[in-house]
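**Student:** Spelled out, the chains give:
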Amino acid sequence: GNSVTQMEGPVTLSEEAFLTINCTYTATGYPSLFWYVQYPGEGLQLLLKATKADDKGSNKGFEATYRKETTSFHLEKGSVQVSDSAVYFCALKIYTGFQKLVFGTGTRLLVSP
Amino acid sequence: DTAVSQTPKYLVTQMGNDKSIKCEQNLGHDTMYWYKQDSKKFLKIMFSYNNKELIINETVPNRFSPKSPDKAHLNLHINSLELGDSAVYFCASCDTASNTEAFFGQGTRLTVV
Chain A
195 GNSVTQMEGP VTLSEEAFLT INCTYTATGY PSLFWYVQYP GEGLQLLLKA TKADDKGSNK
255 GFEATYRKET TSFHLEKGSV QVSDSAVYFC ALKIYTGFQK LVFGTGTRLL VSP
Chain B
287 DTAVSQTPKY LVTQMGNDKS IKCEQNLGHD TMYWYKQDSK KFLKIMFSYN NKELIINETV
347 PNRFSPKSPD KAHLNLHINS LELGDSAVYF CASCDTASNT EAFFGQGTRL TVV
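Protein sequence lines, in the order shown, are assigned to chains A and B. Reading the first sequence from the start, the letters are residues 195 to 307 in my numbering. Reading the second sequence from the start, the letters are residues 287 to 399 in my numbering.
Hints were generated in silico from the structure; no laboratory data involved. Among the hints, a few may not be true.
Cross-link-like lysine-lysine pairs, in silico, BS3-like; alpha carbons within 27 angstroms at most [to be verified]:
hint	chain 1	residue 1	chain 2	residue 2
1	B	Lys-353	A	Lys-294
2	B	Lys-338	A	Lys-294
3	B	Lys-357	B	Lys-326
With these hints in hand, go ahead and build the complete structure from the sequences.
**Tutor:** Printed below as a string of structure tokens:
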């Protein structure tokens, strides 16, 4: 089947620390991969995406590379800010006769000053 | 010019009542979803419609009934509300033909008392 596994949170960091949130996936075909972010009290918004192997998505200092050989799409940021505190969701989208969007369980990031 | 809009944003109701949540998208997408987010932030897909046809119906009590009058609308009706239905419900839409991301509404926080 199709599934996404994320590291459990919360991840607690100090400002300017390096961030990695792990994400691995299982898919029956060739999915597109996404990271969504949910700030407190808000809906989900796209952070970055990659549609094929070796693509790198980037936005707001965050990066993730689509690694087909390890079926991973880990999220990284070199220096986090307090304003990055949110819940991050890894997701895949795959077409199996219809579009299916599958999410990981989400990882809460807490950044302290 | 909101892409995916849900109403209401907040809904407080008593057990046993029947309520509806509405969702509309103006993106011309052909696929729409309902997700339930629980207190631990887990996102669980409930339903997916493609061009007004039901294509995904996860294990959801049949008190929940989606209705899609046209491909721009996907409403969720819930009968005989229970305490465990309290959650945030998100509507989303995407385009089947492309690798673009899904767009989410702002969510409806349902509280059953």
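**Student:** Which of the stated hints cannot be reconciled with the structure, identified by number in ascending sequence?
**Tutor:** As far as the earlier hints go, only 3 is violated by this structure.
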